[in-house]
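Each chain, letter by letter, is given below.
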Amino acid sequence: MKDGSKKEVFWFVLLVFLSLSLFFFDKKGHLKSIRGLIERPIMTVEKEVYSLNISISSYLNIFSSRKSQQAELLRLQVELQRLAVDQNKLLTCQAENEKIKKLLGAPLPASWKFLLSPVAGVSDLMRLDKGEKAGVKAGMNVVSENILVGKVLKAGDYHCLVELPTTNGTKIPVVIKRPDSDAVQARGLLLGQYGGQLLLDKVLQAEDIQKGDLVVSSGDEDFLGDLLIGQISEVLGKSAEVYQKARVRPFLDYQKLAVVFIVIR
Amino acid sequence: MSKFLILGLFFFSAVLQGAFLPLNLVLLAVIFLAAYRSAKEVLLTAFIAGCFLDLAKGTPVGFSSFWLLVISFLLIVYRRRFDSRHPVFLIFITFLTSGLMNYLAVKNYGWDLAFILALIAFIFRSILKLFSLEAIDGIKLKV
Numbered sequence: 001m002k003d004g005s006k007k008e009v010f011w012f013v014l015l016v017f018l019s020l021s022l023f024f025f026d027k028k029g030h031l032k033s034i035r036g037l038i039e040r041p042i043m044t045v046e047k048e049v050y051s052l053n054i055s056i057s058s059y060l061n062i063f064s065s066r067k068s069q070q071a072e073l074l075r076l077q078v079e080l081q082r083l084a085v086d087q088n089k090l091l092t093c094q095a096e097n098e099k100i101k102k103l104l105g106a107p108l109p110a111s112w113k114f115l116l117s118p119v120a121g122v123s124d125l126m127r128l129d130k131g132e133k134a135g136v137k138a139g140m141n142v143v144s145e146n147i148l149v150g151k152v153l154k155a156g157d158y159h160c161l162v163e164l165p166t167t168n169g170t171k172i173p174v175v176i177k178r179p180d181s182d183a184v185q186a187r188g189l190l191l192g193q194y195g196g197q198l199l200l201d202k203v204l205q206a207e208d209i210q211k212g213d214l215v216v217s218s219g220d221e222d223f224l225g226d227l228l229i230g231q232i233s234e235v236l237g238k239s240a241e242v243y244q245k246a247r248v249r250p251f252l253d254y255q256k257l258a259v260v261f262i263v264i265r
Numbered sequence: 001m002s003k004f005l006i007l008g009l010f011f012f013s014a015v016l017q018g019a020f021l022p023l024n025l026v027l028l029a030v031i032f033l034a035a036y037r038s039a040k041e042v043l044l045t046a047f048i049a050g051c052f053l054d055l056a057k058g059t060p061v062g063f064s065s066f067w068l069l070v071i072s073f074l075l076i077v078y079r080r081r082f083d084s085r086h087p088v089f090l091i092f093i094t095f096l097t098s099g100l101m102n103y104l105a106v107k108n109y110g111w112d113l114a115f116i117l118a119l120i121a122f123i124f125r126s127i128l129k130l131f132s133l134e135a136i137d138g139i140k141l142k143v
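If you're matching them up, the sequences are chains A and B in order.
According to our numbering, numbering within the first sequence proceeds without interruption in unit steps and concludes at 265.
According to our numbering, numbering within the second sequence proceeds without interruption in unit steps and concludes at 143.
Hints may be right or wrong, so weigh each one.
[Claimed, not checked] With a straight-line cut-off of 20 angstroms between C-alpha atoms, the simulated DMTMM-like cross-links for lysine to aspartate or glutamate are:
1. K40(B) - E8(A)
2. K129(B) - D83(B)
3. K40(B) - D3(A)
4. K6(A) - E41(B)
5. K256(A) - E72(A)
6. K171(A) - D253(A)
7. K7(A) - D26(A)
8. K28(A) - D226(A)
9. K7(A) - D112(B)
10. K107(B) - D83(B)
11. K3(B) - E72(A)
[To be verified] Sample of chain A residues lacking proximity to chain B, with all beta carbon distances greater than 10 angstroms (derived):
12. L22
13. K27
14. N61
15. E72
16. E132
17. G156
18. R178
19. E234
[What the hints assert, rightly or not] So the derived label-pair ranges between C-beta atoms look like this:
20. L74(B) - R178(A): 51 to 61 angstroms
21. L100(B) - E221(A): 26 to 36 angstroms
22. G169(A) - I120(B): 47 to 57 angstroms
23. G195(A) - F92(B): 18 to 28 angstroms
24. E41(B) - N146(A): 22 to 32 angstroms
25. S2(B) - G169(A): 36 to 46 angstroms
No lab work stands behind these hints: they were computed from the structure.
Treat the numbers as computed from the prediction; the structure is a model and nothing was measured.
Every residue gets a Cβ at the ideal spot worked out from N, C-alpha and C, and that includes glycine.
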C-alpha cells in the first residue's frame with residue numbers, strides 16, 4: 001500500500017513538473033514552432049466542428065420562425081441547384097465572397113488593409129485560422145464589415161486568439177451616438193461580462209443616453225475608431241453615483257461568425 | 001485498445017470545447033476516470049487531456065494539465081478512504097471543480113455551467129449504476 005502511494009506521488013510530482021515546465025516554456029515562446037505543427041491538425045478538425053455547429057444551428061432555426069422557413073427553403077433550393085458536391089466548402093467560399101463584397105461597401109478608411117480569416121472556434125475568446133506566418137500580430141483589430149469583432153490577444157504561428165467585446169474583463173473606450181446623427185452624445189467604457197453580456201459604464205450622469213443609441217469605438221487603447229459595437233438596450237436606473245450605466249446589445253452574434261477580417265495596418 | 005478510445009474521447013471533447021462548447025467535458029471525464037481507473041492511468045490521462053485542451057483552446061500548454069493533475073490527485077487521495085463513486089460526492093466535486101476551473105480560465109465561476117455539468121455527472125453516474133457497469137480497479141468492465 002505504501003509503495004503504491006509512493007508511486008502515485010512520484011507520478012504526480014513528475015507530471016506536475018512536466019506541466020509547469022511546458023507552461024513556462026510556452027509562455028516564453030520557446031514552444032511556438034512545435035506548438036504550431038501540432039495545432040494545425042487540431043485546428044483543422046476544430047474548424048470543421050465549428051462549421052458543423054453553425055450549420056446545425058441554422059437548420060434548427062428553421063423550426064423557430066415561420067417567416068424564415070420559406071425564405072430559408074428558397075435559399076437552400078437555389079443553393080442546391082448551383083452546388084453539386086462538397087456543400088460545406090462551397091458555403092464557406094460563398095460566405096467569404098459575400099463578406100468581401102460587404103467589406104468593400106463598408107464605410108471604412110481606404111488606407112486599411114484586411115486579411116480574411118475563417119473562424120476556427122468561439123468560446124470566451126475567438127480562435128482564427130491565421131497567425132504570425134500570415135502577418136498577424138497581437139494588438140491588431142478584427143472586424144466584420146464596419147463592426148468591431150475584437151482585438152488579437154495572442155498570435156501563434158498559424159492561429160491567433162481574439163478578445164471579443166463580450167470576453168470577461170474586456171474594456172473598450174467608446175462613444176455614444178444617436179442612430180440618425182454623427183454627433184457624440186456621451187463617452188464611456190464598454191465592459192465585457194461573463195455570459196456574453198456588455199455593460200456600458202463610466203458615462204457621466206450629465207450626459208444623455210437613451211435606449212437605441214449606438215455604441216461606437218472611440219479609437220483609444222489600440223482599438224480602431226468609428227467601429228460599431230452594439231446598441232443600448234436598457235439604461236440602468238440613475239442613482240447618486242457619479243457615473244450611469246447601460247446594458248448594450250451587440251450587433252453581432254459572435255458564436256455565428258464564420259469569416260472575419262483582421263485589419264493589417 | 002480501450003486506452004486509445006479513452007484518449008480519443010478526451011481529444012474529441014477538447015476539440016468540442018475549443019470550437020464552441022462551454023461545458024468542461026474534459027474535466028467531467030477526468031473526474032469519472034479518477035473514480036474508476038488506476039491512479040497512474042488517471043494521472044497520465046489527466047496530463048495528456050490537459051495538453052489536448054490547451055492546444056484546442058489556445059491557452060498555454062501545461063495550464064489545464066496542471067489543474068487537472070491537482071484535481072485528479074486529490075480525488076485519488078480521497079478514494080483511498082472514502083467512496084469516490086458516490087453520486088452525491090461526484091455531483092458535488094464536479095460542481096466545485098468546474099467552478100474553480102472556469103474561474104481560472106475566464107475569471108468567473110460560471111455556476112450555471114457548473115450546475116449543468118454536475119447534472120450531467122449525476123445522469124451519467126445513474127446510467128452506470130442502472131446498467132451495473134462498474135470498472136474493477138481499471139482492469140475491465142463488469143456487467
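Subject >> Which numbered hints fail >> reply: 7, 8, 9, 10, 11, 12, 13, 17, 22, 24
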